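Visitor: So you can see what is in the structure, the chains are spelled out below.
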Amino acid sequence: GENVEQHPSTLSVQEGDSAVIKCTYSDSASNYFPWYKQELGKRPQLIIDIRSNVGEKKDQRIAVTLNKTAKHFSLHITETQPEDSAVYFCAASKSGGGSNYKLTFGKGTLLTVNP
Amino acid sequence: DTGVSQDPRHKITKRGQNVTFRCDPISEHNRLYWYRQTLGQGPEFLTYFQNEAQLEKSRLLSDRFSAERPKGSFSTLEIQRTEQGDSAMYLCASSSSIYRDKNTGELFFGEGSRLTVL
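The listed protein sequences derive, respectively, from chains W and P. Numbering-wise (our numbering), the first sequence opens with residue 1 and increments by one. Numbering-wise (our numbering), the second sequence opens with residue 1001 and increments by one.
Note that these hints are calculated values from the structure, not bench results. Just so it is clear, the structure is predicted and the values come from calculations on it, not from any experiment. Check before you lean on any hint, since a few could be wrong.
Calculated from the model, a selection of chain P residues having no Cβ within reach of chain W, i.e. all distances over 10 Å [as the list claims (entries may be wrong)]: (1) Glu-1028; (2) Gly-1042; (3) Ser-1095.
Straight-line Cα separation of at most 20 Å, PhoX-like style, residue types lysine-lysine; simulated pairs [said to hold, decoys possible]: (4) Lys-68/W <-> Lys-42/W; (5) Lys-94/W <-> Lys-1057/P; (6) Lys-1011/P <-> Lys-42/W; (7) Lys-71/W <-> Lys-94/W; (8) Lys-42/W <-> Lys-71/W; (9) Lys-42/W <-> Lys-58/W.
Pairwise CB distance ranges, derived in the manner of DEER restraints [as the list claims (entries may be wrong)]: (10) Ser-1027/P <-> Gln-60/W: 41 to 51 Å; (11) Gln-60/W <-> Glu-1078/P: 34 to 44 Å; (12) Gln-1054/P <-> Thr-112/W: 35 to 45 Å; (13) Gln-14/W <-> Glu-1083/P: 20 to 30 Å; (14) Gln-1054/P <-> Pro-115/W: 44 to 54 Å; (15) Arg-1015/P <-> Pro-115/W: 23 to 33 Å; (16) Ala-1053/P <-> Lys-68/W: 28 to 38 Å.
The C-beta atom is built at its ideal place from N, Cα and C for all residues, glycine as well.
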């Protein structure tokens, strides 16, 4: 089955700096890669996702890049703010063709943005 | 619709007791998932329903676990003869397989049901 590795496990940055979280996946058939943000005691919430037919996607201060050949994808947060502090999870799944969108998650990155 | 709701939010039980969790997905979503999350880990897939059919179960789902979605709407997850290792957050998520408007197949998660087995 799919295996997703995520690094680093913790990341501390100063407000205004950039943060980068990296993930690798094992199943070359995976084609959907979402990122979820989970605040303490809250539900995971989708912040951005990318499909394998796209190499990069941006949404304001958040961007995701995908390298299918190397089977890795990254989350980039620019101009970090204290409210960005949370645990971030990458995930991978196969979509389309009757697949079930079952997500395999990484172990998470605790991002702390210091004011 | 206010999103995916789960009940109860917290459950403390003694080892050996049975517990049941309920999930009400977003009303128009035909897909429903159960995940388990332990401290410091990402959510782990347990099982998946499309409408009322349970189409996939993880090896993590031992014989003591059973899930149902009898009418293709709400779902229940029952754990029999609970063990301390069952202590975790049980997350439910739903999504739609019908692509229209901006629907991307995104999974929407509930707030979870936290189980503590003493």
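Visitor: Next, verify each hint and record whether it holds.
Guide: Taking the hints in turn, this is what the structure says about them:
{"no.": "1", "hint": "Glu-1028", "verdict": "16 Å, holds"}
{"no.": "2", "hint": "Gly-1042", "verdict": "3 Å, violated"}
{"no.": "3", "hint": "Ser-1095", "verdict": "6 Å, violated"}
{"no.": "4", "hint": "Lys-68/W <-> Lys-42/W", "verdict": "31 Å, violated"}
{"no.": "5", "hint": "Lys-94/W <-> Lys-1057/P", "verdict": "16 Å, holds"}
{"no.": "6", "hint": "Lys-1011/P <-> Lys-42/W", "verdict": "17 Å, holds"}
{"no.": "7", "hint": "Lys-71/W <-> Lys-94/W", "verdict": "14 Å, holds"}
{"no.": "8", "hint": "Lys-42/W <-> Lys-71/W", "verdict": "30 Å, violated"}
{"no.": "9", "hint": "Lys-42/W <-> Lys-58/W", "verdict": "25 Å, violated"}
{"no.": "10", "hint": "Ser-1027/P <-> Gln-60/W: 41 to 51 Å", "verdict": "30 Å, violated"}
{"no.": "11", "hint": "Gln-60/W <-> Glu-1078/P: 34 to 44 Å", "verdict": "42 Å, holds"}
{"no.": "12", "hint": "Gln-1054/P <-> Thr-112/W: 35 to 45 Å", "verdict": "40 Å, holds"}
{"no.": "13", "hint": "Gln-14/W <-> Glu-1083/P: 20 to 30 Å", "verdict": "44 Å, violated"}
{"no.": "14", "hint": "Gln-1054/P <-> Pro-115/W: 44 to 54 Å", "verdict": "47 Å, holds"}
{"no.": "15", "hint": "Arg-1015/P <-> Pro-115/W: 23 to 33 Å", "verdict": "44 Å, violated"}
{"no.": "16", "hint": "Ala-1053/P <-> Lys-68/W: 28 to 38 Å", "verdict": "32 Å, holds"}
Against the hints set out earlier in the document, violations occur for numbers 2, 3, 4, 8, 9, 10, 13 and 15.
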